[in-house]
Amino acid sequence: MKLSGDGVFYTIQGEGKSMGLPACFLRLHLCNLTCAWCDTRYTWDKTQEEFWTESKDVPTESVAHMIQSAWGCNNERIEKRLVITGGEPLLQQKEIQRLLELLPEWIIEIETNGTIIPLPELHERCHFNCSPKLSNSLVEERRRIHGDVLQILNEKNTTFKFVIEKPSDLEEVDQIFVKGFNLDPNKILVMPEGTSSSMLHATLANIAEIAKTKGYRILTRLHCEIWGDQRGL
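If you count the sequence shown from 1, you need to add 2 to reach the working numbering.
Hints are all accurate, no fakes.
Subject to a maximum C-alpha distance of 20 Å in a straight line, what follows is the list of computed EDC-like cross-link-like pairs (lysine to aspartate or glutamate):
hint	residue 1	residue 2
1	K168	E142
2	K19	D186
3	K168	E143
4	K189	E126
5	K181	D150
6	K96	E123
7	K4	E51
8	K189	E157
9	K168	E211
10	K216	D176
11	K4	E97
12	K19	E81
13	K158	D186
14	K214	D176
15	K214	D186
16	K58	D8
17	K19	E157
18	K19	E195
19	K19	E126
Ranges between beta-carbon positions, derived for each pair:
hint	residue 1	residue 2	range
20	K96	I220	33 to 39 Å
21	Q153	H203	30 to 36 Å
22	A38	I154	23 to 29 Å
23	Q177	I220	17 to 23 Å
24	W39	Q177	19 to 25 Å
25	N76	A207	36 to 42 Å
26	E211	E103	42 to 48 Å
27	G217	F53	39 to 45 Å
Hint data in this document are derived by calculation from the structure and do not stem from the laboratory. For every residue, glycine included, the Cβ atom is placed at its ideal position computed from N, Cα and C.
Turn these sequences into a full structure, and let the hints guide you.
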């Protein structure tokens with residue numbers, strides 16, 4: 003598997019449906035999009051000083067061992083959760099399929115941008131945190147919106163997480179994704195763009211009332227509230 007610089011680490015899930023729960027993270031390298039506000043550019047942008055240039059291919063069996071070793075909870079009654087993120091993890095979904103076979107007792111979440119159809123074997127096991135990109139990502143629409151993928155994910159164990167900068171972004175979610183692609187509004191999560199408490203709070207204040215009228219669930223980015231933009235925490 004192609005791992006990014008921070009690789010495997012134990013923390014809490016900071017976003018989405020399971021926000022606040024303890025989890026191991028596996029950060030995979032490479033992405034098929036180039037979002038302007040991406041806070042993990044080092045996984046795909048070769049101009050970034052942190053982008054690793056040497057081979058960091060790790061055997062899947064070794065990755066499974068790293069995950070088991072990284073789990074930091076000493077309460078055996080707590081469910082083990084693995085969040086596979088990136089980059090875009092589904093660029094490596096064959097390897098992910100093998101990894102899941104090695105971790106049968108773990109709850110698995112996969113974070114994806116909704117442009118790649120997951121393997122059926124992943125649907126059976128995983129919850130997908132799908133984050134379709136809005137125009138605020140500055141990625142052309144034909145690259146970031148794949149209706150066929152969204153329709154498939156909408157029928158599976160998926161929540162749709164949108165990064166919001168301004169109130170008009172919520173209209174984009176409503177018109178293009180909920181009305182246009184008929185995504186289940188009960189699966190829609192909206193969260194502010196930003197990596198600090200002040201940025202997150204300012205955006206939340208601007209979008210909360212509109213999100214309430216549309217019925218979308220509002221979340222923050224809990225890891226950024228706690229640790230800012232530090233990595234591997």
